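So the protein sequences, as listed, match chains A and B.
Each residue of the first sequence is one higher than the one before, starting from 1 at the first, in the working numbering.
Each residue of the second sequence is one higher than the one before, starting from 171 at the first, in the working numbering.
These aren't lab readings, by the way, just hints derived from the structure by calculation.
In this text, all values refer to a predicted model and were calculated from it rather than measured experimentally.
Even glycine gets a Cβ: it sits at the ideal position worked out from N, Cα and C.
Treat the hints loosely; a few may be bogus.
[Unchecked claim] Capping the alpha-carbon separation at 30 Å, the derived lysine-lysine pairs in DSSO-like fashion look like this:
1. B:K461 with A:K8
2. A:K29 with B:K342
3. A:K4 with B:K514
4. B:K339 with A:K29
5. B:K342 with A:K11
6. A:K61 with B:K461
[What the hints assert, rightly or not] Here are some of the chain A residues that sit facing chain B, going by a computed Cβ distance under 8 Å:
7. G5
8. S22
9. P59
10. F88
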Amino acid sequence: MFGKGLLKGLKITIGRFFGKKSTVQYPEKRLPLPDRFYGKPDFHYDKCIACNLCVNACPNKVITLGTDTVEKKKVVTGYHFDQQYCLFCGLCEEACPKDAITFTDDFELTTYDRNTIGIEFVKQEQVDNKIKEIKQAAAEKAAAEKAAAETKVQTENTDKEQTTNKEGGA
Amino acid sequence: MKTQEMLLNVGPQHPSTHGVFRVVLTLDGETVVNATSVPGYLHRGIEKLVESRTYPQVLPYTDRLDYLAGILMNWGYVHAMEQLMEIEVPERAEYIRVIVGELQRIASHLVATGAYAGDVGGLTGFIYCFRDREDIMDMIEMVSGARLTPSYMRIGGVAGDLPDGFLEKCQKFIDYLPTAIEEYNGLITGNEIFQHRTKKVAPITAEKAINMSLSGPILRASGVNYDLRKARPYSIYDRFEFDVPLGSNGDCFDRFYLRILEMTQSARIIRQALAKLPEGPINAKVPKIIKPPAGEVYAETESSKGIMGVYVVSDGSTKPYRVHFRRPSFVNMGHFDELIRGWKIADVIAILGSFDIVLGEVDC
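Go ahead and model the full structure; you've got the sequences and the hints to work with.
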């Protein structure tokens, strides 16, 4: 009979009409995202060792890493993530040996103008703190070394005195 | 009566082209007299772009060829690179590749099936197919972190092991798929209007299909038994039992229905792979900086649209000297303008839909 297939199709759609919904009301309700989801990138300043591996791993030159050498130590002074060119492939995350660059599950990345797409992760105060920390550590280390050297000299001197005394005594 | 031929542009913005594709039709009334296809609206120069990227960095660009089957595109590239560098891929990685690859094939065929139903006027079928495709997209998102651009494969293995809960979800989907296919058959395949629109429309003979070097479901719909997974098994496809469905008439209906049949076979492969999935490493030992020996390689895999070939020339440095992709959609489109001549304008949409082109792949 012609139209049998049509009726069968209608039966399916009517059945589905009373079935469970497959959609959710988006902005209010959200579906769970998997752990591996690549959303907005996140940078952990304290973990970064300024090795440049993420910069080299990126296919699109998204990441610009600024470094400075303070007291023979590398300090990250800038980490610019030009998000508009990001492919969200995760190669930078894979390359990072310290998990300093990760991806969050924030996928709403729309901005009103182009200048706000790029993310500058490093704040000046973070850099200042880090430099201060390093300088302080270096100063403390130097002081400790100096103190150690002095005590060494002192002990050597006392040793010498003792030996001369001994010699004199003999 | 004096009649005049009319020039008509289909596209570049037209829903049936599934992207940006233009066909210039010369019409005599409603009949197509001449046709010229004009691709290139989505050309990004990927082949040139990747020449300035290192070998691992090429991978995210392959996602953007056939963006409905990103994993299969990844596979084509890594398969070529593994042949060039003579890397043996670990067992577990091969099984994972087969599982996600076949899932991706089902997803791609679901889009083809659904979009075809939409093209010929049944938008309900489209929604039903996309509903089930969403399950696969969720699974691909689970393993790779992205829905359409997974970049999941790596030279020598895969990016990450299967996450917890994936196997159960996959098994559940495979068990559910026959019910879904029954629904598609009831909703689309069995519909008389759909059958009238597609049966005996634009048949391609087996001889013609071979001459035009068509591949994939379009070739097999014409009755040519050529599936790379069977004809020249790559990866571990020789270990699975599956059939290659064939069409008999090579018309639009056969091209459409073949994809539904192929979904069942893909599910069969996944079921076997899930049962046999071994433990072990997921990555071969590959040097951190990939420098393949100077030379060239051409490797082919069976993507959802046909034979995906990747040609890589290495000059021994960290960047490829030349990469070329043989994209099945592009090659298949070569027969399109010849095929639509003599058919009515409504058939043009039906024929274009049955080809299942993806413009990211046509233009590259």
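Here is how each hint holds up against the structure:
{"no.": "1", "hint": "B:K461 with A:K8", "in the structure": "59 Å, violated"}
{"no.": "2", "hint": "A:K29 with B:K342", "in the structure": "25 Å, holds"}
{"no.": "3", "hint": "A:K4 with B:K514", "in the structure": "27 Å, holds"}
{"no.": "4", "hint": "B:K339 with A:K29", "in the structure": "22 Å, holds"}
{"no.": "5", "hint": "B:K342 with A:K11", "in the structure": "25 Å, holds"}
{"no.": "6", "hint": "A:K61 with B:K461", "in the structure": "21 Å, holds"}
{"no.": "7", "hint": "G5", "in the structure": "4 Å, holds"}
{"no.": "8", "hint": "S22", "in the structure": "5 Å, holds"}
{"no.": "9", "hint": "P59", "in the structure": "4 Å, holds"}
{"no.": "10", "hint": "F88", "in the structure": "6 Å, holds"}
Hint violations for this structure: number 1 only, all remaining hints satisfied.
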